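**Q** Residue-level listing of the chains:
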Amino acid sequence: MNAKTQNNVLVTVDGTKVDAAPGELLIHVAARAGADVPTLCHDPRLDPMGSCRMCLVEISGQRRLQPACAWRVTDGMEVTTESGRIERHRQTLLSMYMADHAIDEETKLPKQRGVGNELLDLVLKHGTGPELHHIGTPREGREDNNPYIHFDPEACIACARCVRYCDEVEAVSAITLAGRGAKTTIATADQIGLLDSTCEMCGGCIDTCPTGAMTEKPSLNAPEPEKIVRSTCNFCGVGCQLDLHVKDDEVVRITSPEPGTTLNDGNLCIKGRFSYEFIHHEDRLTTPMIRRDGVLEPASWDEAIEYAAKGLMGVRDRHGADALGFVSSSRCTGEENYLVQKLSRAAFGTNNCHQCAAT
Amino acid sequence: MEKTGAQRSRVLELLEHYGGLKPGVAEQISRETGVPAADVYGVATFYTLVSRPDAGVRVCQGLTCKMKGSDDLVAELEAREVKHEQVSCLGQCDRAPAAIDEKLFPLSITPPGDLTPDNTELPMNLAGKDSSEYAALAKFHEVGAEAVLDAIDSSGLQGRGGAGFPAAFKWRAVRNQPSGPRYVVVNADESEPGTFKDRMVMERRPHLMLEGMAIAAKVAGADVAYIYVRGEYQEAKRSMERALEEAGEALSSWLDVRIVEGHGAYICGEETALLEALEGRRGMPRLKPPYPTEQGLFGKPTLMNNVETLACVPSIVLRGGEWFKAQGRTEAGSKLFSISGHVARPGVYELPLGVTLDELVEAAGGYIGTPIAFSPGGASAGFLPMSFRETPLDFKSLQAAGSMMGSSGLVVLNDTIPMTKAALWGLIFFEDESCGQCTPCRVGCKVQRHALERFIGGDKDALSHAGDVAWEMEEGSICGLGQVASWPLTTAMKHFPKDFGG
Chain A
1 MNAKTQNNVL VTVDGTKVDA APGELLIHVA ARAGADVPTL CHDPRLDPMG SCRMCLVEIS
61 GQRRLQPACA WRVTDGMEVT TESGRIERHR QTLLSMYMAD HAIDEETKLP KQRGVGNELL
121 DLVLKHGTGP ELHHIGTPRE GREDNNPYIH FDPEACIACA RCVRYCDEVE AVSAITLAGR
181 GAKTTIATAD QIGLLDSTCE MCGGCIDTCP TGAMTEKPSL NAPEPEKIVR STCNFCGVGC
241 QLDLHVKDDE VVRITSPEPG TTLNDGNLCI KGRFSYEFIH HEDRLTTPMI RRDGVLEPAS
301 WDEAIEYAAK GLMGVRDRHG ADALGFVSSS RCTGEENYLV QKLSRAAFGT NNCHQCAAT
Chain B
1 MEKTGAQRSR VLELLEHYGG LKPGVAEQIS RETGVPAADV YGVATFYTLV SRPDAGVRVC
61 QGLTCKMKGS DDLVAELEAR EVKHEQVSCL GQCDRAPAAI DEKLFPLSIT PPGDLTPDNT
121 ELPMNLAGKD SSEYAALAKF HEVGAEAVLD AIDSSGLQGR GGAGFPAAFK WRAVRNQPSG
181 PRYVVVNADE SEPGTFKDRM VMERRPHLML EGMAIAAKVA GADVAYIYVR GEYQEAKRSM
241 ERALEEAGEA LSSWLDVRIV EGHGAYICGE ETALLEALEG RRGMPRLKPP YPTEQGLFGK
301 PTLMNNVETL ACVPSIVLRG GEWFKAQGRT EAGSKLFSIS GHVARPGVYE LPLGVTLDEL
361 VEAAGGYIGT PIAFSPGGAS AGFLPMSFRE TPLDFKSLQA AGSMMGSSGL VVLNDTIPMT
421 KAALWGLIFF EDESCGQCTP CRVGCKVQRH ALERFIGGDK DALSHAGDVA WEMEEGSICG
481 LGQVASWPLT TAMKHFPKDF GG
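From first to last, the protein sequence lines stand for chains A and B. Going by this note's numbering, the residue at position 100 of the first sequence is 100; the numbering climbs one at a time, nothing skipped. Going by this note's numbering, the residue at position 41 of the second sequence is 41; the numbering climbs one at a time, nothing skipped.
Worth flagging that the hints you see were computed from the coordinates, not collected in a lab. Computed from a prediction, not measured in an experiment: that's the story for all the values here. Where hints are given, some of them may not hold.
Result set (DSS-like, lysine-lysine): computed pairs, CA atoms no more than 25 Å apart in a straight line [unchecked claim]:
hint	chain 1	residue 1	chain 2	residue 2
1	B	Lys3	B	Lys22
2	A	Lys247	A	Lys111
3	A	Lys271	A	Lys111
4	B	Lys288	B	Lys396
5	B	Lys218	B	Lys300
6	A	Lys183	A	Lys111
7	B	Lys218	A	Lys183
8	B	Lys83	A	Lys183
9	A	Lys183	B	Lys421
Make the full structure from the sequences, and use the hints.
**A** Here it is as structure tokens:
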């Protein structure tokens, strides 16, 4: 039997008894028990790191507070996620985060960036402890003229979610934790620009970053969206789900839906995440065009299809069906590819059909 | 992600080979090992000896060296326009103020410290003659592992690295692991400010330590042993290499001993950070459990002991656990105390566990000036006032006093040293050496240091949150470094309230 589905240990979280698989991570078990354990460095797609220390809870038999994100449950374990000690810990820790984070001068709170700052959310929810002087650590950033990924070291909490994502999910390893102590930052090898590194510009670092230290460069000054529209990426046949952030009928940012909710599991590639300028581009074709006497002229779909069909049939009539060839785009779905080969074989009578991603 | 079969554990030795982190080196090592270049870069920037290959003269800014005029040395180097950098404790507190040159050779003109005079009745007897006869190892073959384990158990030997964990417990834990490869790792990464006893063991009695290591390997069932010695201890490393040569087949026939140099990171004295370093990663401590006895080096059961712990083993095996135990007063065995600062003859003294500071200082030739405080076990132990001069120096008593035995690197301070300054030097050390993995330590060390600097600068309220921050560092940090990193400040505030505006 698969151990992951074998519910055979009993864990008590804040008095509530929950079934769990042996060795399951406490953070998931606690969530099933209805406990709201705050996290920053946790991403279910990644191996636990336990470094942000937000999720520390009390566990029976443990003198020290322990990280729920990394602790594996055992039978009979008793867990407390709310207590005076934990509350003091969370608030003091948040004070320390504030002392090392870019602060908005007006609100005196962590700056809002990108699609949100989980640190700000936690500060608003849990409050902070002592008001500490800002330590103002200058952290090393880098000159980087890549068009898509912006890194602001002053908003980084060194949780390494971006580094771990790049390594564990994408297997690209373009970035690393560098330096140590308060100067710990995110770097590339020799601090080269991302374009010169192994980076594939998937932007997964942005997706996983809890504070917006990694953000979409084209959306740095993007306005708040009016609505978010779920759509399907049409750059290839995978069918990744996209969330289009729309303001005044313009797409101002694209994000992936939450990990675990759609087939792309929170991931996107460079095209899905960043290639949307064409939507509002002035050169974009919005109607079919027919070239007559060397000049492209707008046409209706019926006109255009008829024109193309005539041309193709003309070739067939003059030179035979095998003078034609059909190549479908890798952006087509399986169904569309099926239709293209049917058009090729049944309508025109040639086996010269190909799909551009087939080789 | 590294390639299958990547040779990650070669990364640090290659960084040394290419002269440290220079442009292009990360790429080169990536090609040679299959570890991603960014990853190599991240590893390199963690270790000071490879991240700053052109640092020039490295001047110690440990507590003792600061007290003994390292600032003057820095001023002199500046005046002579000699390239230099201030670094964390170099483990030469007996020769303070200490410095090393680019090739890591000691530059100090102060003669080396003293030792307890030769006395064959001492378990370690650093001044005695080192012997490559390996009589204890021979006895192991006679009596077997269980008898040796019983002797270690009855000796009451507690780990000498700082935690004081019963050695027999660890040894049994590894021995009892299911069959399969396992390792012995000697923690020779001595870096706690004020501590230089392990260096003395390695320089004076390398065979004693190697013999203890060999017996540990036999008991654990390991045929590979690593000695992780800090890079600044070049003489100790050479001494062990010579000893290994002398030992010849007695060891090499069955035990693959690998001496690995550290690369400049105090945190690698933390056992799981040390394992990360050996595996070629950034020396960031692992979450525990699992403990190294179950999943240590390369995920295999690993027995890790401090140099001094292992140096105690031959005498226990030869003369019995009860004999060793009787060498202590309040706790089992004798102990190597490094002592420096305001005492006449700094050095390493082997005395019973439970001696008092006064007795130890008497062995070291007496106090210089009027003592006001002492640091009982390195920076991690904070400070105690002289009212504790009669407190037994042992693990339990010092813990009860709100301090710790730690690595028993004692530093005595007289009334020429302001306690605020002494506390600040401790905080600077921890800030420089924090690995940066967990937030309480990464941010807390700097918050505390800034607060104390503001206080020294005249802001009387600057330390009002120091207690809260220290509390969180102790509650929230992953490893011992962060948990005690405020102690130089909080213990000084507690015992010397007047110096802190109280």
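**Q** Run every hint past the structure and note whether it holds.
**A** For each hint, the structure was consulted:
{"no.": "1", "hint": "B/Lys3 with B/Lys22", "in the structure": "holds (23 Å)"}
{"no.": "2", "hint": "A/Lys247 with A/Lys111", "in the structure": "holds (22 Å)"}
{"no.": "3", "hint": "A/Lys271 with A/Lys111", "in the structure": "violated (29 Å)"}
{"no.": "4", "hint": "B/Lys288 with B/Lys396", "in the structure": "holds (24 Å)"}
{"no.": "5", "hint": "B/Lys218 with B/Lys300", "in the structure": "holds (16 Å)"}
{"no.": "6", "hint": "A/Lys183 with A/Lys111", "in the structure": "holds (20 Å)"}
{"no.": "7", "hint": "B/Lys218 with A/Lys183", "in the structure": "violated (43 Å)"}
{"no.": "8", "hint": "B/Lys83 with A/Lys183", "in the structure": "holds (23 Å)"}
{"no.": "9", "hint": "A/Lys183 with B/Lys421", "in the structure": "holds (24 Å)"}
In summary, the structure is inconsistent with hints 3 and 7 from the numbered list given earlier, while agreeing with the others.
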